[in-house]
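Input sequences plus hints: build the corresponding full structure.
The UniProt record's numbering puts the sequence shown at residues 1 to 92.
Think of the hints as simulated: they come from the structure by calculation, not from any bench.
All figures in this text were calculated on a predicted structure; none of them were measured in a lab.
Don't take each hint at face value.
Claimed, not checked - Cβ-Cβ distance ranges computed for the label pairs, FRET-style:
# : residue 1 : residue 2 : range
1 : R31       : C68       : 10 to 20 Å
2 : P41       : A88       : 28 to 38 Å
3 : E81       : P41       : 30 to 40 Å
4 : D18       : D63       : 28 to 38 Å
5 : D28       : R51       : 14 to 24 Å
6 : N92       : P41       : 19 to 29 Å
C-beta: ideal position from N, C-alpha, C; glycine also.
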Amino acid sequence: MAHTSESSWSVYILMCADGTLYCGVTTDLERRIAEHNGTLPGGARYTRSRRPVRLAASAACTDRSAACTLEARIKRLPRAEKIAFLRAFVAN
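And the structure:
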């Protein structure tokens, strides 16, 4: 069942099998990870050749706009800053 609540938007960062990072937004994190890993249809073209992927971090957002804004900010970070962000996220 799809979530329709605006409060259910999340930003997530995946660690791909080749060590690269992928960032996205979703309303259903479990479903989206299954799509990226190929157990459900869908998923990004980027992750298809980099399976399996695992969840490195996720953050709930108030609405789609906030989720997309945070996703864009994360995607603009250099890899080293993304890694530092993940380390800080895990430490908390």
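Consistency of the hints with the structure:
1. R31 x C68: 10 to 20 Å: At roughly 18 Å between Cβ atoms, C68 and R31 fall inside 10 to 20 Å, so the hint holds.
2. P41 x A88: 28 to 38 Å: 35 Å, holds
3. E81 x P41: 30 to 40 Å: Once the Cβ atoms are compared, 33 Å apart, the range 30 to 40 Å for P41 and E81 holds.
4. D18 x D63: 28 to 38 Å: Cβ of D18 to Cβ of D63: about 33 Å, so the range 28 to 38 Å holds.
5. D28 x R51: 14 to 24 Å: About 19 Å separates the Cβ atoms of D28 and R51, which means 14 to 24 Å holds.
6. N92 x P41: 19 to 29 Å: 35 Å, violated
Figure legend: structure checked against the earlier numbered hints; the only hint not met is number 6.
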